[in-house]
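On the provided structure of chain X, position chain C as indicated by the hints.
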Amino acid sequence: MSGYTFAEKALARAAGIAAARAGDILDVAPDVMFSHDNTAAIRRIFEQIGAPGIRYPERTLFTLDHAVPAPTTQHAQNHAEIRAWAAAQDIRWFEVGRGICHQVISEEALVLPAETILGSDSHTTHFGWLGAFGMGVGRTEMAALWATGQLWLRVPEALQITLTGRLQPGVTAKDSALRIIGDLGMSGGEYRSVEFVGDGVASLSVDQRPVLTNMMAEFGAMNAYMPPDQIVFDYLEARRTREYTPLYPDSDASYNQRYTLDLSALEAQIALPHQPDNVAPLSAAVGQPVQQAFLGTCTNGRYEDLAAAADVLRGRHVATRMIVIPASAEVMRRAAETGVLATLIEAGAAINTPGCGPCMGNHMGIPAPNETTISSGSRNFRGRMGTADAPVYLANPYVVAASAVAGCIADPREFLA
Amino acid sequence: MSKHRVWVYGGNVNTDVIFPGKYTYTLKTPEEIAAHALEDLDPSFAGQAQPGDVIVAGCNWGCGSSREQGVTALKYAGVRAIIAESFGGLYYRNCINQGVLPVICTGLLKRVRSGDEIELDVDNATLQVSGQRFAFARLSPSVQAILDAGGLLPMLQRRFSA
Chain X
1 MSGYTFAEKA LARAAGIAAA RAGDILDVAP DVMFSHDNTA AIRRIFEQIG APGIRYPERT
61 LFTLDHAVPA PTTQHAQNHA EIRAWAAAQD IRWFEVGRGI CHQVISEEAL VLPAETILGS
121 DSHTTHFGWL GAFGMGVGRT EMAALWATGQ LWLRVPEALQ ITLTGRLQPG VTAKDSALRI
181 IGDLGMSGGE YRSVEFVGDG VASLSVDQRP VLTNMMAEFG AMNAYMPPDQ IVFDYLEARR
241 TREYTPLYPD SDASYNQRYT LDLSALEAQI ALPHQPDNVA PLSAAVGQPV QQAFLGTCTN
301 GRYEDLAAAA DVLRGRHVAT RMIVIPASAE VMRRAAETGV LATLIEAGAA INTPGCGPCM
361 GNHMGIPAPN ETTISSGSRN FRGRMGTADA PVYLANPYVV AASAVAGCIA DPREFLA
Chain C
1 MSKHRVWVYG GNVNTDVIFP GKYTYTLKTP EEIAAHALED LDPSFAGQAQ PGDVIVAGCN
61 WGCGSSREQG VTALKYAGVR AIIAESFGGL YYRNCINQGV LPVICTGLLK RVRSGDEIEL
121 DVDNATLQVS GQRFAFARLS PSVQAILDAG GLLPMLQRRF SA
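Line by line, the protein sequences give chains X and C. Number 189 in my numbering belongs to position 189 of the first sequence; there are no gaps in the numbering. Number 101 in my numbering belongs to position 101 of the second sequence; there are no gaps in the numbering.
Isolated chain X, as found in the complex (with noise of 0.2 angstroms):
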C-alpha cells in the first residue's frame, strides 16, 4: 500500500475522515469560501434553496476585484448588491482597491497550509503556493457552501512535478510554467492534483511561487500543491491569526505520471495566440509588432512583476501604451515606497487601481480590433481580453516590459545587460 497524496491528505481532513484515496467522492467542509464580483449573482441562487442563511458566516469572505472601479452603471449596481449582503451577513469583504482575490486572501493569511479553500474562480489553485489545496467552483457550488458549509468533491489523482535547479535572470516562474503547459497541453493536468517538489521549489520567492499554482488552471489542474517551508512560515507569521500544521505528501504517494523540469536550463518562453498551451521559445516571437503592453493579474501583478518591469524601463520610454495594474493595495504602496513606481510612471506607463482589469476583457485596456497585446496575465483564448480578433500573447514581466519599449516583442536581455 503506497502512501498518500498532497490532495489525499488534505481532502480527507477537510472532509473530517481518516483517509481517503483518488477517485472517492467526499463531502468536504472548506475552511475558506470566497467569491467576488460573481458574489451578487450567487446570491440570486441561494436564494432559490431555502436555506435561512449563510452557514458559516466566518469561513466566507468577499472581495470586490473584477471591475473595480466599477465600468458602467449595471457593474456598480452589482457591486452595491454585494456590499449589502455582506453587511445583512455579517461576512468580512474588501472594498475596491484592495487587490485581486488570491493575491489579497494570501496577503492577510486567511487561509493557512493544509487548509481547502474554495472559491468561485478557476485560479483558486493559486493556494496551493501556500501548502493549501484550492479548487476553483461554479456559482451554484458557491450557493451551495453558504447554505451547507459542505460541497461534494471527487479526490484527484496527483501528477508530480520535480523543479530542479534554479532560475537564470531575466527568467521567472512564468517562463516554467508556460514550458510545463507548453510541453504537456492545456489537459495534461486535467482533473488532477499537481504536487510541486524538488530544489527548484525552494529557490523561488514568495512572490514567484504563485505564479506556478495559479496558472496551473491553464493545465486543467483541480489544485496545485507546494510543500512549505521557512519562507512561507516566516511570510505567514507577521499576517496569520491562527495556528497550523503544515501537511506534506507521503515519499510514497502514488503519482501517476511524473514530470521534472530543470530551472537553471529554461530560457524565456511565450504562449502565441489564443492558447496558453501555444508555447514556444521567446525568440519564436521576437519583432511581432504591439499596439499594447499589460502588466498585471493574479498570475503576475506582484512586487517582483513590478520590479521586473522597473528594471528593464529605468530610464528609458514606452514606444506603445503599457498598462499597469498592481495586484493589491499593499503591492502598490511597496512598488511607491521603493521608486518601482516611479520609474513605471517616467517611463510612460499607465497605473491603474488593484484589480483585475482587462484580463478577462470587463475595462481599462480592451484592444481594438486587429490590436495586438503583450500580457502578464494567464490566458489568451479568442476574446478573452474583450475584443474577437485581437491577438493575445503571455509572457513574463520582462518581456512585457522590453516588448513596450519596442514596440514589438522583444528579447529583455538586450534591456538588462
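Calculated directly from the structure, the hints in this document are not laboratory data. Nothing here was measured: the structure is a model prediction, and the numbers come from that model. Heads up, the beta-carbon is just placed ideally off N, CA and C, and yes, glycines get one too. Treat the hints with caution; some may be incorrect.
[Said to hold, decoys possible] Cβ-to-Cβ under 10 angstroms is the rule here; a few derived chain C residues that face chain X: (1) Gly11; (2) Thr26; (3) Leu41; (4) Cys63; (5) Ser66; (6) Glu68; (7) Ser86; (8) Phe87; (9) Asn97; (10) Ser142.
[Claimed, not checked] Residues of chain C placed beyond 12 angstroms of chain X at every Cβ, according to the derived structure: (11) Val6; (12) Glu31; (13) Ala35; (14) Cys105; (15) Arg113; (16) Asp116; (17) Glu119; (18) Ser130; (19) Gln132; (20) Ala135.
What follows is chain C alone, placed relative to chain X:
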C-alpha cells in the same frame, strides 16, 4: 433511448468562447445568457440550437474559467448532453450541478458530423451513431443522484423544504 441532433466541435474549447467573460456581470437571466452561447466559436449556434440537441467535442471541453454560465448558456439554448473526449474539471462539475449530462466518450468525434442524429441510452450507458455503438462510463451513484434531481439547486431546494 432518446434521439438527438449533434453539434460537433474540436478540442480545448474554452469557456471564454463558450460564454465571453465581458458579459459575466451584466447578463443575468438564463435566456439572456443563452443568446450568447458559443458566440466567439460558432455564431450560428445560439440562433439555431433546438431543445434536445447534444454537443460532441474533443478533449478538454470547457477548460479555462470556472464561469458556470458556460453550462447555463448551452442548457438554455436547449443542449441536453455534452459528449466529449474529456472535460475541464470545473466545467464537468458545473454540468452535473446544473443537470446537464456530461459524457466522456473517446473515438466518437471522428465518426460524427454536425447535423447527424445520435441515439443516447443513459440507462445502459451507450450511444449509437450511424449504426456504430459506443459505451461510456456510468457516473458514480452519488453524482448520478445530483443529475437525477435536476442539479444541485433542486436537490438543495428539496433538502431545505423537507
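Do the hints match the structure? See the list:
The closest approach between the C-beta of glycine 11/C and any C-beta of chain X is roughly 8 angstroms, which is under the 10 angstroms cut-off, so the hint is satisfied. Because the closest C-beta pair between threonine 26/C and chain X is about 5 angstroms apart, less than 10 angstroms, the hint holds. Taking 10 angstroms as the C-beta contact cut-off toward chain X, the hint placing leucine 41/C at the interface holds, the least distance being around 8 angstroms. At about 6 angstroms, the closest approach between the beta carbon of cysteine 63/C and any beta carbon in chain X falls short of 10 angstroms, and the interface hint on this residue holds.
Evaluation of the serine 66/C hint against chain X yields a held restraint, the C-beta minimum of about 4 angstroms falling below 10 angstroms. Given hint, glutamate 68/C at the interface with chain X, holds; its Cβ is 4 angstroms from that chain's nearest Cβ, closer than 10 angstroms. Here the hint on serine 86/C is kept, as its CB sits about 6 angstroms from the closest CB of chain X, short of 10 angstroms. A least Cβ separation of about 8 angstroms between phenylalanine 87/C and chain X falls short of the 10 angstroms threshold, and the interface hint therefore holds.
Among the interface hints, the one on asparagine 97/C holds; its C-beta lies about 5 angstroms from the nearest C-beta in chain X, closer than the 10 angstroms criterion. Taken as an interface hint, serine 142/C checks out: its beta carbon lies about 5 angstroms from the nearest beta carbon of chain X, inside 10 angstroms. Non-interface call for valine 6/C relative to chain X: holds, since the shortest CB-CB distance, roughly 22 angstroms, exceeds 12 angstroms. In this structure glutamate 31/C is separated from chain X by more than 12 angstroms, as the shortest Cβ-Cβ distance comes to about 15 angstroms.
Residue-level check passed: alanine 35/C sits 16 angstroms from the nearest beta carbon of chain X, beyond 12 angstroms. Look at cysteine 105/C: its CB is around 15 angstroms from the nearest CB on chain X, clear of 12 angstroms, so calling it non-interface holds up. Chain X leaves arginine 113/C outside its interface by the beta-carbon criterion, the shortest separation being 23 angstroms against a cut-off of 12 angstroms. The beta carbon of aspartate 116/C sits about 25 angstroms from the closest Cβ of chain X, which is more than 12 angstroms, so the claim that it is off the interface holds.
Non-interface status of glutamate 119/C relative to chain X is upheld: no Cβ of that chain comes within 12 angstroms, the nearest being about 28 angstroms off. Here serine 130/C stays apart from chain X, with its beta-carbon at least about 27 angstroms from theirs, past the 12 angstroms limit. For glutamine 132/C, the non-interface assignment is confirmed: its Cβ lies about 25 angstroms from the closest Cβ of chain X, beyond the 12 angstroms cut-off. At roughly 20 angstroms from the closest C-beta of chain X, the C-beta of alanine 135/C stays outside 12 angstroms, upholding its exclusion from the interface.
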